[in-house]
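Just need the whole structure built from these sequences, with the hints factored in.
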Amino acid sequence: MIKKINILGTPTQDKLNLFVPMGIFFIILGFLDVILNAHFKINLTSFLPIWLNYFAPLIFGFLGLHYIRIEFSGIKILDNLNKNINSNGFNALLTLLILFVLIQNIPPLLNWLFFDADFIGTSKEECSREGACWIFVNVWLKRFIYGLYPNAEIWRINLSFLLLIGFIIAGFLVPVKAKKYIIIFLLFVFPFIAMNLISGGNFGLEWVETAAWGGLSLTFIISIFALLFCFPIGMFLALGRRSSAPIIRYSSIGFIEFWRGVPLITVLFMASVMFPMFLPDGTYMDKLVRVIIAITLFEAAYMAEVIRGGLQALPRGQYDAGKSLGMGYWRMHLLVILPQALKLVIPGVANTFLALVKDTPLILVVGLLELVGMIDMAKSNPDWLGFATEGYIFAGVVFWIICFNMSRYSQRLERRYKTDR
Amino acid sequence: MNIKNTTKGFTDFFKDNSKIRNYLPQILTLLFIVFLIGYFTYNAQVNMDNRGIDFGFHFWGQEASFDIQFSLIEYDGSHSYGRAYLVGLLNTILVAVIGIFFATILGIIIGVSRLSSNYLISRVAEWYIEIFRNIPLLLQLFFWYFAALRALPLPKEAINFFDVSFLSVKGLYIPKFIWTNFDIFIYSIIAAIISIIFVYNYARKKQEQTGTQTPKFLISLGIIIVLPLLTFLIGGVSLSFEYPILKQMSETIFNYVGGAKIIPELMALAAALSLYTATFIAECVRAGILGVSKGQKEAAGSLGLTTGQILRLVVMPQALRIIIPPTTNQYLNLTKNSSLAAAIAYPDIVLVFAGTAMMQTGRAIEIVSITMATYLTLSIAISILMNWYNKKIAIKEK
Chain U
1 MIKKINILGT PTQDKLNLFV PMGIFFIILG FLDVILNAHF KINLTSFLPI
51 WLNYFAPLIF GFLGLHYIRI EFSGIKILDN LNKNINSNGF NALLTLLILF
101 VLIQNIPPLL NWLFFDADFI GTSKEECSRE GACWIFVNVW LKRFIYGLYP
151 NAEIWRINLS FLLLIGFIIA GFLVPVKAKK YIIIFLLFVF PFIAMNLISG
201 GNFGLEWVET AAWGGLSLTF IISIFALLFC FPIGMFLALG RRSSAPIIRY
251 SSIGFIEFWR GVPLITVLFM ASVMFPMFLP DGTYMDKLVR VIIAITLFEA
301 AYMAEVIRGG LQALPRGQYD AGKSLGMGYW RMHLLVILPQ ALKLVIPGVA
351 NTFLALVKDT PLILVVGLLE LVGMIDMAKS NPDWLGFATE GYIFAGVVFW
401 IICFNMSRYS QRLERRYKTD R
Chain A
1001 MNIKNTTKGF TDFFKDNSKI RNYLPQILTL LFIVFLIGYF TYNAQVNMDN
1051 RGIDFGFHFW GQEASFDIQF SLIEYDGSHS YGRAYLVGLL NTILVAVIGI
1101 FFATILGIII GVSRLSSNYL ISRVAEWYIE IFRNIPLLLQ LFFWYFAALR
1151 ALPLPKEAIN FFDVSFLSVK GLYIPKFIWT NFDIFIYSII AAIISIIFVY
1201 NYARKKQEQT GTQTPKFLIS LGIIIVLPLL TFLIGGVSLS FEYPILKQMS
1251 ETIFNYVGGA KIIPELMALA AALSLYTATF IAECVRAGIL GVSKGQKEAA
1301 GSLGLTTGQI LRLVVMPQAL RIIIPPTTNQ YLNLTKNSSL AAAIAYPDIV
1351 LVFAGTAMMQ TGRAIEIVSI TMATYLTLSI AISILMNWYN KKIAIKEK
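If you read the sequences in order, they're chains U and A.
Residue 1 is where the first sequence starts when you use my numbering, and the numbers rise one by one after that.
Residue 1001 is where the second sequence starts when you use my numbering, and the numbers rise one by one after that.
Keep in mind the hints are simulated off the structure, nothing from the lab.
One or more hints might be untrue.
[What the hints assert, rightly or not] Computed cross-link-like contacts, DSS-like style, restricted to lysine-lysine with a CA-CA straight-line distance of at most 30 Å:
(1) A:Lys1205 - A:Lys1392
(2) A:Lys1336 - A:Lys1391
(3) A:Lys1170 - U:Lys124
(4) U:Lys287 - A:Lys1336
(5) A:Lys1156 - A:Lys1170
(6) U:Lys15 - U:Lys76
(7) A:Lys1247 - A:Lys1176
(8) A:Lys1206 - A:Lys1297
(9) A:Lys1156 - U:Lys41
(10) A:Lys1391 - A:Lys1216
(11) A:Lys1247 - A:Lys1336
(12) A:Lys1156 - A:Lys1261
(13) A:Lys1216 - A:Lys1294
(14) A:Lys1294 - U:Lys83
(15) A:Lys1297 - U:Lys83
Everything numeric in this text was worked out from a predicted model, so none of it was measured.
And the structure:
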């Protein structure tokens, strides 16, 4: 009887009833060892030599997974399990390693993040310091979003962004004919209304200098303005790079390659310390405006390459058709080429915008404080020393939510525009 | 009437004369560029005259009189600005090389894991990519530097790696290599590389002529191990290590002395750059592997090649062709992103040169131009190198 059961042999379907319980027993033993070890400081296998003791859960788990690796067992769950995480010894080992690492690290992490953390309060003394101190984020939240913008005037930023969201929603709801006007209004009129509303200085609004702008709202302001202006510039550069006129082509290539070859940080340095030297004596340009111009030109070069990709993807026949209809250069591009090319590059444009949003924290090096900069400021406040981790995690989550959704959206666009080609 | 006629005549002349229609926009562009450059130069001149600064690169040889906390070459305050620039440049290249090395390894592992048949592994790889790709690099850098590395123990309770390396909040201390006759060792490695190139050329020719394969990998492995080893035995090269030792500075302050120190800024920067860039490289690798059609593998298998040969001779050359161009872009991005070092005070070219040196000399135009030109040169150098390699492995159509 004993001879028939080959313990280390390949488990087969006919001995299902023996191998499956045995495998499950070993797997449970392995996991139990890890859990007890990690969270209850109990070592089941302390009698083993130290090197074996360390690997005991892995060995148990490996044996267990080996026993339940039965082909065509007829049990649906078991078959799925074997196919997906337990197809061979190497895979089984990796599966176990990942699960063990997760078991060891997730509960302490959750404890720190939520269960031991303090959420409600107004001062650092109310934090138990056993877990994260979210009071820090709570207290500074207004600063993280609005920067040093005066509290009494914050409604102006809120109103601007609410108006923007409102108009975008209106753009989706109104009939197609009116859509055009809303888009034109949003692109060419609204930015200036919003800028005026936020900076103030007229219509009875108090002037708020740009040094006080900051936080997450500054991230959005810079991103939106840069995107708005870099798109047309990038379009002209892309057309210029494909132009047959050598001077236009080479100056476009030079411009694009210059901006693509240097890091944004040096561009920002240029905008903040070098550019004022190039302006006529006595003129002053606001630092934020300089930075927005710099970021715009920087992103325009990337945008140009994206749009060029779309232009290149169009078959020659489209150009020939446009020309044979007697269209000139501009009419052909505006009516035939660009509408098709731009549709192709929507995902690329979304990716460029994503990169732009991720690049904005860099303005910190020239002294403009958006979200990351504000956290930098908050964590060096003498009353709130030692909460850098909480701040960075908060900023990370905020940026992650924004960027993740944008990248998902761009992937969806990509899929949508792929089908009709 | 007269006026109308001339206008018509002018447009006609303009429409018919295609040469002028071609040249006019170009001339206008040229004029615009020349005007813009002239205008900026004029303004800069006026501004500099008013402030009493003259344009020039004389500062290059002057004494820098500031210290740099981490340098690959000998440097102190008495050296020139030119030397300080070189220190910064070398530090930038150092962190870029370290970052590229780890990002490539990690990227390949993650990219392959992403395609694993193991559900857990591919999910873990996917979430790694989604998390690290969608958080701004600066934020990750700050997290590693201000949160993660600051949580390391003090030198007294440093994390001990086999009693030779110690990781503490002050940085990573590793044994220092002390060479004698180091140049001979380097020459032997150069000689080994040259002879390997010869072996490969010979092997290729032999295969083209006779069809027999030479075990070129084993031969080159032998050469690269044996030649430097010989220099130890007969060339008079020797290597010893200086280990870091914990020393009591005062009653409560301990620190390590001796050995080589890797500053935390470098560790944070290298970690952030490689973890961030690895996500992009992983996507390139995945796209490359998916890009090789199944038929290729099956065809190779039906020719009787082994699994290893299929991977090495059929799949990899084709996958590399897809992987390399976007990966080059990522290497370039990593090099440019290494300029974020300035935010955590790692002494790279931006911090040393566009930061400290500019504060001291006040020469904004010269210094920012030099810094930008340096990055442009680095970018162009990497892209030329990679284009050359790319061309080499591209499909050679008849």
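Any of the earlier hints contradicted here, and which numbers? 11
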